[in-house]
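Order-wise, the sequence lines are chains A and B. Just so it is clear: in the first sequence, position 213 is 213 by my numbering, and no numbers are missing. Remember, my numbering sits 1000 above the position in the second sequence when you count from 1.
Just so you know, the hints here were simulated from the structure itself, not pulled from any lab data. All values reported here derive from a predicted model rather than from experimental measurement. Any given hint might turn out to be false.
[Unchecked claim] Examples of chain A residues toward chain B, derived with CB under 7 Å: (1) Gly52; (2) Pro53; (3) Thr55; (4) Glu56; (5) Met57; (6) Asp84; (7) Gln86; (8) Asp94; (9) Ser97; (10) Val261.
Every residue, glycine too, gets a C-beta built ideally from N, C-alpha and C.
Number of protein chains: 2
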Amino acid sequence: MTDSVQLLGISNAIVDVLAHVDRDFLQTIGAEPGSMTLIDQDRAHEVYNQMGPATEMSGGSVANTVAGFANLGGSTAYIGKVRDDQLGRIFNHDMKSLGVDIRLQKSADGAPTARSHVLITDDGQRTMQTYLGACLELGLADITEDTLGSPKAILLEGYVWDIAEGPALARKAVDIARRNGTAVALSLSDSFCVERHRDSFEEFVRDGVDIVVADEDEVNALVRTSSFDDTLTALNDYNNLFAITRSAKGSVIVHGDEKIVQAAAGVEAIVDTTGAGDAYCAGFLFGWANDLPLSQCAQYGTHCATQVIQQLGARIEPGLLDGFEVR
Amino acid sequence: MTDSVQLLGISNAIVDVLAHVDRDFLQTIGAEPGSMTLIDQDRAHEVYNQMGPATEMSGGSVANTVAGFANLGGSTAYIGKVRDDQLGRIFNHDMKSLGVDIRLQKSADGAPTARSHVLITDDGQRTMQTYLGACLELGLADITEDTLGSPKAILLEGYVWDIAEGPALARKAVDIARRNGTAVALSLSDSFCVERHRDSFEEFVRDGVDIVVADEDEVNALVRTSSFDDTLTALNDYNNLFAITRSAKGSVIVHGDEKIVQAAAGVEAIVDTTGAGDAYCAGFLFGWANDLPLSQCAQYGTHCATQVIQQLGARIEPGLLDGFEVR
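With these hints in hand, go ahead and build the complete structure from the sequences.
Right, dumping it as structure tokens:
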């Protein structure tokens, strides 16, 4: 039933504008360290004008995962909205050059391509101020049998719920996926995003989603617990496959009665944590899409995340799993 | 006589599009390893479409030097042409955020902001395919008493000669500089550029230029020699101050009978040689503008170049000379 695409991502298409800042800068612009804040165009200009020189590279959480999955050797497609401007062309180029099949045309008018000001402090933590621009125009009409096809899995991100038609287009995508034997994965994006959309997420996870990829805080927010032990208990009540990252504590895979604990790998110096979760998700789903045991999927995820936090930028390099030995 | 600006750069305003490639890729697109080739818009699309994912950051040889000079704590201004598009706004932002006084308005129409596809091979060498776009529209009208002011020095780059009105606007800048007691520095850009414009460069160096900053190959091309010993002999016939970089062999400062030999610093791993010469130029001119002995200027230059080749990208980080000890 499925076509040759293993993973199709549906998400906000964003160009990252990365700069190193000190803690004082975050205070100056009133940003909570480690947070992702949605901002409008005026505020985006304000933040950018106060920032130092930056580096631009394609980003977006699930877009990073799709790019990473492609770089691992998987076949991928992508649905996200950019405008036909220089940043939009950069975003699409960076995906296409990895072999990602871009399913939507660039918008000829409307808001400019989205950008996220990624402010990196000395400890490698990133604080994001995101202007969604063209992403906000992603709508129901963009999700069709044609654009979705019948991949092995689709991957949605929680941030899609920040778009007006987001919840509806996610539901439409699930309906099409169900008809075509396509699995549905959801990345929970961030814990504030989960707080913003908890009820809708919970309903969606219980009815529609097969795989949830998230960090500990996000899952805690979803099931309304504050300790990970309580979370594991609460997950007994869910049928989904959960892949939960826990930073230095590694990751835990939960699937019904099955629990797999995966340790984190040692890292000499963290350069930039941007994309750690996205890279984990790429490695994990790559293993899953190739029908590997869950313990191996977790090792793939860990390996990808470990690499990405030791570089500036959120996308893993090609060939990362070449010669990788499963323990 | 001079105003508070120490260094004003006049050059091609370019956004770098950086990607790692293998040697085969250079052969595929027919690029000579290590060269800088000027390409038109069609060819730019062709090269970009064949490239992998890239990172965008502000570049341009003398623009890098001006940014570096500002980052060392110097006061700077800049004359270069960008269009009012996303890349042009990025270029200007990255300069302004360092305190560089941008002297020209962005063009409302015409060709898009210039970009250079910087293809980096595993040995850290870069090969550049440059589309000059808006830069080609820099003209005589942009060089006036108002835009130039009376800085301590202006810095031109050889690449300006690739613009139709380049030689004429350089001459006009020298005339204004002379009237205002401003020194004139010239970066020779690359040896192919020197070959393209040798007669004009020679005339300009003999009549107008105070300081020449260049690498060994460029100076060899200028004085038509093939060995550095012959070059040093030929320079006896010039009155300029020459700062000549020689990669791993360090650098040599020549000023009349005075010769200073500066060793290179040890480097563990070269990441990307992009901007080594530009960074040297920033350090050297920063010392010169602060009336330091030439031996110290050479040490500053070496320190800046050593740092920049150990990172991806051509612009040095702020505060690089803080705590630097002159030997």
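Hint by hint, here is what the structure shows:
no.: 1; hint: Gly52; in the structure: holds (5 Å)
no.: 2; hint: Pro53; in the structure: holds (4 Å)
no.: 3; hint: Thr55; in the structure: holds (5 Å)
no.: 4; hint: Glu56; in the structure: holds (4 Å)
no.: 5; hint: Met57; in the structure: holds (5 Å)
no.: 6; hint: Asp84; in the structure: violated (12 Å)
no.: 7; hint: Gln86; in the structure: holds (4 Å)
no.: 8; hint: Asp94; in the structure: holds (4 Å)
no.: 9; hint: Ser97; in the structure: holds (5 Å)
no.: 10; hint: Val261; in the structure: violated (34 Å)
Consistency with the previously given hints fails for numbers 6, 10, ordered from lowest to highest.
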